[in-house]
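Trainee: Top line first, the protein sequences correspond to chains A and B. So the first sequence is numbered by UniProt numbering: it starts at 1 and just counts up by one. So the second sequence is numbered by UniProt numbering: it starts at 1 and just counts up by one.
Among the hints, a few may not be true.
One copy or two, either will do: identical chains are not told apart, so a pair holds if it fits within one copy or between any two.
To be verified - Here are the simulated DSSO-like cross-link-like pairs (lysine-lysine), alpha carbons at most 30 Å apart as the crow flies:
#	residue 1	residue 2
1	Lys-233	Lys-126
2	Lys-457	Lys-40
3	Lys-331	Lys-176
4	Lys-126	Lys-235
5	Lys-521	Lys-40
6	Lys-89	Lys-270
7	Lys-518	Lys-406
8	Lys-352	Lys-111
9	Lys-331	Lys-457
Hints listed in this document are in silico derivations from the structure and should not be mistaken for laboratory results.
The lines below spell out each chain.
Protein chains: 2
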Amino acid sequence: MPLHAGEPTPQADAAPAPKGKAKPAGKKQKETKLGMRATKDGDFSEWYSQVVIESEMISHYDVSGCYILRPWAYAIWDEIKNWFDAEIKKLGVQNAYFPLFITEEALTTEKDHVEGFAAEVAWVTKSGSSDLDRPLAIRPTSETVMYPFYRDWIRSHRDLPLRLNQWTNVVRWEFKHPTPFIRSREFLWQEGHTAFATRGEADAEVHTILDLYAAIYQDLLAVPVVRGVKSSKEKFAGALYTTTVEAFIPHTGRGIQGGTSHCLGQNFSKMFNIEFETEDGTRAHAWQNSWGFTTRSIGVMIMTHGDDRGVVIPPRVCAVQVVLIPIPSTKLGEEARAAMAARAAEIEAALKTAGLRVRVDDRDNYTPGWKYNYWELRGVPLRLELGPKDMEAGVAMLARRDTGAKESVAWADVAARVPQLLDTIQSDMLAKAKATLDTCIEQVTTWEGFMAALERKHAVLAPWCDEESVEEDVKRRSAGKDGENKDAREATMGAKTLCIPLEQPELPEGTMCFASGKPAKNWALWGRSY
Amino acid sequence: MPLHAGEPTPQADAAPAPKGKAKPAGKKQKETKLGMRATKDGDFSEWYSQVVIESEMISHYDVSGCYILRPWAYAIWDEIKNWFDAEIKKLGVQNAYFPLFITEEALTTEKDHVEGFAAEVAWVTKSGSSDLDRPLAIRPTSETVMYPFYRDWIRSHRDLPLRLNQWTNVVRWEFKHPTPFIRSREFLWQEGHTAFATRGEADAEVHTILDLYAAIYQDLLAVPVVRGVKSSKEKFAGALYTTTVEAFIPHTGRGIQGGTSHCLGQNFSKMFNIEFETEDGTRAHAWQNSWGFTTRSIGVMIMTHGDDRGVVIPPRVCAVQVVLIPIPSTKLGEEARAAMAARAAEIEAALKTAGLRVRVDDRDNYTPGWKYNYWELRGVPLRLELGPKDMEAGVAMLARRDTGAKESVAWADVAARVPQLLDTIQSDMLAKAKATLDTCIEQVTTWEGFMAALERKHAVLAPWCDEESVEEDVKRRSAGKDGENKDAREATMGAKTLCIPLEQPELPEGTMCFASGKPAKNWALWGRSY
């Protein structure tokens, strides 16, 4: 019986060392280290490809850009989903389900929006062996599916606010390099779509949701993010403005958009005729928002915390928070073995009572060392070992996945110490990632400073005149060869604005844009990006 | 502010009676009864079309056979999902997510399976304005997506059992008459796919899951079902055998498949090469099951319990279990109004503390009568009224949606009485539906008896020789004109086996098949069906 469904016995080429069995004469004992071959610093791209597979989070599929989310990964999405769903319900948002398919007519209702998505839309043209009367698009996002209904459902100010959300799959047939979690042609997300009577309510919700997205990253995934507003070039096609949580991947020196909360203004309500009668009897167009958060976040978590031994998952979201490994040495008698198993069961029960997600790994065909590798590869935050010496001393040995630090804890203290330690691990992981992020953002005021910082694979906070043409120019000028940068793709990639951070440094009067020399309007965060 | 998101002010053609406002001279007061125009007994089909719309569960979409699941409906799916997901987790099943798309090659791996689904598969052939290299099917069900991975993941008996589930959307491009919830081209479901080392384990799980499906219908939705095995003609394409929960719709005299749990035997493991090394070192093919439950169940619930005033939803799954309606008559002074509002708030808080889902409807622009209609249309199980006389007497008036029965309860007893009453409503609803079902199943032994029962729009338990050709013959012979049956489609529809019930009446030796005259092998439940 496998430890849990979906965890296979390791493949034949990584056979575990049989324990306590007589070795055939002359046969070499194979004890192969599981999984990882590349290192994070040595070859990040290869490391990432391996770690998502070896940790059994992802399997590759015969359709390019589509991936299997195995239980070990899906459990993380479930934790995020449960938390976020409860939070938005508190705000009065309700879940619904709108169709997967969109007619061509509906899709083309809002001009900017369709221009932004048209090239990536997948079209169904046949069923069985016959052509459909008219082709159907698969949703890349559901504005054009939902808003005709918002028109029907919103007649009076009393119908507002209307706040719906759905947890779905969407399809965007991109041709950029696919990467598990980070960029795939089908992905899972939630999309919230809300309508208000006033601009003020819409603005307020945009930020409430953005704060929730920041909390998913920081509090659940232990990933630090910068909250900001997208430049007009980078905002959502058809939106008034877009707010974003931006993460950063130090190993590639690239920013990554973590989730977006858009104010659509009245752009869509004008296109879709979503009008209502106001309290004083006049007619007005609704103010709308839409906001989405995807499975990409799991990839950001992996890139942030993983190491050369595998993924490292924060306690808040890991399917198994503590793995308990009894170590019955072959010298132990039957009684001692039974006592160890009983103690392990007691500790397991106590930890479950404390509300923790515990697993006991008592598989008898693997060595302790093999099991340590196995669970480290999968990123379980805490390991609890129970060996013969621990049994004699009445203690258990706790080992942290993030730091490797070990501590011995008396049995009576385990149920109190473990939750405490998990909290510490959670906050330590965020603090470490935050410290790293801080070293990766440089504040500069000149073009030279900007390019030097990019060269160091950093993001750059620089004063900007907030003109789209200048942003395009920066992208062109910052692209180009860099002999020192190993990844050619990154070396030639230009930098764009990741966001205009909500938290702005002081902008002294007379500060000039680092790129155009015109008066600066704000500090923008720039970088290469995913 | 609407009562809850997605609940619009009623349309202009059903304007509420304004309360306490001066009526413009000469203008007629419009107080229109909300929604329902058809009656369940008078025109069931029309009644059903109206009730799903008027209760705000469904909206129609510009793609035929696709529907919007509005929050009022989606909340029921969420209740079902949460309950079933927790139950299967207890069994050790884990959730994952496999892709939406299937290559032609993968889809055609299991011959019978693809024959069963080929005509209904939707094909994506383009992205943007270009053709795809090869067309991609949208999953009608995920066996062919998942089983290549089961082959990779299952090598040894230690990898078994493998038990995965996913909550997804699927697409079946059918041409039969679409009906909200009951038959749609895209629907939501869960699909469980499990693999075992032995036939015995597979058989056991098939029945464990079937019992859970029966529990969803009986305990959550208050809908009685018959558990049984499908005939070989009716079983899942490619399965060894299929078990099912069958419901019955008395108004149309048609059985309806409620959920199916299949033993695939080794049919798929042989096609997909899912082999493993057994404990004694030999090789064997895995024994597999798959099981699915869909949003159709919500339609069955509506058809079973709804009445001429709207849907009637069982307390276990209704988004709002109790609606509290304060009735401040216009004669009340400010102080009395405030006292009433305060009492309503106290009762609401007490019921929430008792774990109930409560809503207070204190909208001041609708009459009490209008509100009663509103919530009855939506099927809220219990209404709690608080009028001036109730305030004087220190009581609240409870009104049941299912029976209309009313009772007066002292405030101090409300928090205890309401949960009790909801439990009673839940079991009464099931008991009533079960009593009706019992009158709709006739046990016969002859062809004449069979046809007479069908004529009465009943299902028929009849002894059968269990031969596929005989089943086909029964379908042909039982189709045909019936002058008395109003619905032409039903009059010409032949009867098929709904299932061979697990609970079998005694079959005396020498009993002959009602249709073929050959020796009967079992009692089969026959009927017209959806």
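Trainee: Up to 30 Å between alpha-carbons, please classify Lys-352 paired with Lys-111: within, between, both or neither.
Mentor: neither (54 Å within a copy, 47 Å between copies)
Trainee: If the cutoff is 30 Å on CA atoms, where do Lys-457 and Lys-40 land: within, between, both or neither? Let me know, please.
Mentor: Within one copy only: 15 Å inside a chain, 69 Å across chains, cut-off 30 Å.
Trainee: Which holds for Lys-233 with Lys-126 at a C-alpha limit of 30 Å: within a copy, between copies, both or neither?
Mentor: between (37 Å within a copy, 28 Å between copies)
Trainee: Within a copy, between copies, both or neither: which one fits Lys-331 and Lys-176 at a CA-CA cutoff of 30 Å?
Mentor: Answer is neither: 57 Å inside a copy and 69 Å across each miss the 30 Å cutoff.
Trainee: Tell me, please, which holds for Lys-518 and Lys-406 at an alpha-carbon limit of 30 Å: within, between, both or neither?
Mentor: Answer is neither; intra-copy 56 Å and inter-copy 76 Å both fail.
Trainee: Since the copies are identical, ignore which copy is meant and state whether Lys-331 and Lys-457 lie within 30 Å (CA to CA) inside a copy, between copies, both or neither.
Mentor: neither (54 Å within a copy, 74 Å between copies)
Trainee: Pop the pair Lys-126 and Lys-235 into one bin, within, between, both or neither, using alpha-carbon distances up to 30 Å.
Mentor: between (34 Å within a copy, 27 Å between copies)
Trainee: Is the C-alpha distance from Lys-521 to Lys-40 at most 30 Å within one copy, between copies, in both cases, or in neither?
Mentor: Result: close neither inside a copy nor across copies, 38 Å intra and 66 Å inter.
Trainee: Is it within, between, both, or neither for Lys-89 and Lys-270, if the alpha carbons may be no more than 30 Å apart?
Mentor: within (28 Å within a copy, 47 Å between copies)
In summary, the structure is inconsistent with hints 3, 5, 7, 8, 9 from the numbered list given earlier, while agreeing with the others.
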